[in-house]
Amino acid sequence: MRFTAPKHLQVKVAGDAKPDGMAVMKPDNSALEVRGLTKRFDRLAVDSLDLTIHAGEFYALVGPNGAGKTTTLRMVAGLLRPDAGAVSIFGVDALQNPVAAKQVMAWVSDEPMIYDKLTPLEYLEFVAGLWGIAPSISEPVAEELLSSLGLEPHRHERCEGFSKGMRQKVALAGALVHDPRLIILDEPLTGLDAVSARHVKGLLGERVRAGCTVIMTTHILEVAERMADRIGVIASGRLVAEGTLTELRQQNGHADTSLEDLFIALVTLQEAA
Amino acid sequence: MSSATALSWFARHELRLAWREWFAMMTGGRRTRARAAVIGLLFFAALLHVPAWAVIGRFADLQLPLDKSSLIVITATIFLAWTLMLSQAIESVTRVFYARADLDLIMSSPARLANLFSVRIAAIAVTVTAMALLFSTPFIDVLVIGGGPRWLAAFGVVVAMGLSAAAIAIAVTILLFRLIGPARTRLVAQILAAIIGAGFVIALQVAAIMSYGTLSRFTILTSGSMAAHAPEIDSIWWWPARATMGDNEALLLLLALALVLLGSVMAIFSGRFADTAIDAAAYGRSGRSSAKQRAFRGGSRQQALRRKEFSLLWRDPWLISQTLMQLLYLVPPALLLWRNFAESSAALTLITPVIVMAAGQLAGGLAWLTISGEDAPDLVATAPLMPSSVIRAKIEVVLIAIAAIFCPLVGALAFASPFQAAVSAGAIIVSAVSATAIQLWFRVQARRSQFRRRQTSSRLATFAEAFSSIGWAASAALLLALPLAGLISGLITAGLVAITWKFSPKRD
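From first to last, the protein sequence lines stand for chains A and B.
Residues 1 to 273 in this note's numbering are what the first sequence lists, from first letter to last.
Residues 1 to 508 in this note's numbering are what the second sequence lists, from first letter to last.
By construction, these hints were calculated from the structure, which means they are not laboratory data.
Glycine included, every Cβ here is placed at the ideal spot set by N, Cα and C.
Accuracy of the hints is not assured; some may be wrong.
As the list claims (entries may be wrong) - Looking from chain A toward chain B, a few residues come up when the C-beta cut is under 10 Å (computed):
(1) 83
(2) 118
(3) 158
Unchecked claim - Label pairs and their in silico Cβ distance ranges:
(4) B/494 - A/93: 50 to 58 Å
(5) A/264 - B/294: 22 to 30 Å
(6) B/19 - A/136: 23 to 31 Å
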């Protein structure tokens, strides 16, 4: 089942959607701008990172374990305070004005955090309330989301008995119920079966076609290869390569290389440096 | 590996897990705190000897044979301790059943499950007994120091009580599973544990109020009518009392009975233990349906947060059992209030510290659940609200819940004594606000299911919360009896809360 956002929820953004799903980029219309983002724990986790993601773009951030992907996205989502740098979401300074930035953004982590004692519908009602969405708008959207994610039979069951995949779908529905312009997902396909993963990918694709911007970290390079407009490779807290798959191939000098080979080559190069 | 070797190996494994869990609870999960934990524990144990001396020091010289009244008091005290052990054991057994933990590993192993679960039942019994020994040691020490080594037999009685309490708890919980199913057992078992833990004391207090107009449970135990209805001196009912005082024959019989009881439970229930654990784990997968379907509700973002918190509190089995226990403890003072409604009585003053203390304790638990026990911290943190708005909404929930529980009692008190009602209301507010503030200052991100371990995250917060509730309760009582002393006590308690704030972790 394909989910299409209701007309009144569809976001009008500058990037026109192509029939094949590839949005036309307008470099001056960025959804996210990150400048000099730095975070140190015991070691430097993110090192003066610069990143620009355009409105209506599907961006995949890939990298080895501990490369700084999740830390970067957590700082963008306002969950972690950076040591230095600036984050701008649709022109709003997210560090100075976090409430306005969060209003247009949604975050989904790899570990779905939902309330065991609430039903999926109650959870979505709560999320819509937090984002200040009127019930007349949020309720039909919630029903439609649950239906499209295959959760309709469980919508009045408490989440305590749900499998990880079902919990992930509830969390994803929560991220979509307030119709964000920017969706940040950290390993959203972890724990999902093939059918559910396809549902989620379809849903994200629909959102991007409707003008939404999606940033996603993933270890499944095939997903990045097939879904992302652009791919960023991060290693040791730095962006070591960025571009479309074709551009990455050109940068590496191999026309027919898979993303996996490219990824390993780039990461090995960075580690050697 | 032979069966006996496998069993001893599994027993060692269980004991190691139990030890590490206990150690983690004592040290808050930080190995570097081990020395501080040992010193703190020894200091606490030494400190416990002071109230132990005050409570039972005067009984150290008691010798057999005893009169009926003394036997009744000792037996009732032992029975009270046993009910508390049983309450704790029911809670432990329920926790073991619902924690999936290593169930898959055990069930998929080629070992004989009945044997393994026999060991697990024995481990529960050992844990319950060890806890009972830990808390009873200061009291028995006092008796041994004051009355001689014959009181050492009391340790044997504690062991017998611990083993029998664990055996009955396992039997009760498994029977509950069979009778009402896994969906309801967790809640019912927790409520049962609360009622058993508080029930005996409350029943004695209620009887004392109805018969003599006092809250003292000893009044009813030492009364002539109780002695008249009690069994004869040589009855088996007095075995625990006699065993405690050094009657070795009674002690051996008690220990034998406890072991037979535990052995029977292991033989009867170890086979069903596995089925019960599987049912409990499977329950978590089936989920519960919410019967009613209603439209989404509107309102502000803070309202959405408050609604969510109220829903979660209402559906929290721990909270329901704890609130029930608090409410049960309020029954005797409420009864006293009802009996003294038309007359001015000094006994009425006793109501105020009880309800102030209960309000502080309940507010502390509620505050932890709402402020620290946030299961979706990322969601709330990424919502378009200022963190201060989130905290404010959560604090409002705590205070509204406290107001809903205690307003009726204060309202009833206002009819009997408006001044006392005003003092009680003020003290309830201050006590609840103090406990909430302490939880706020020492908040740590945790899952609601980790509530049991909340005390381990900060010893300072735990003690400060307890002393603040006790302090405000004492201040309110003193304010009614000796206003100047009440004022001084209130200032000391406020100072304590201020010092706690000073030592709280600094935040951005």
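Hints, verified against the model:
1. Contact between residue 83 of chain A and chain B, as hinted, is not supported at the beta carbon level, the nearest pair being about 13 Å apart and thus beyond 10 Å.
2. Annotation: residue 118 of chain A was flagged as interfacial toward chain B, and the flag holds, the nearest CB pair being 6 Å apart, inside 10 Å.
3. Evaluation of the residue 158 of chain A hint against chain B yields a held restraint, the C-beta minimum of about 5 Å falling below 10 Å.
4. Range check, residue 494 of chain B to residue 93 of chain A: about 42 Å between beta-carbon atoms, so the 50 to 58 Å window is missed.
5. Against the hinted window of 22 to 30 Å, the Cβ-Cβ separation of residue 264 of chain A and residue 294 of chain B comes to about 53 Å, which falls outside the hint.
6. Range check, residue 19 of chain B to residue 136 of chain A: Cβ separation about 57 Å, and the 23 to 31 Å hint is violated.
In the structure shown, a violation is registered for the earlier hints numbered 1, 4, 5, 6, in ascending order.
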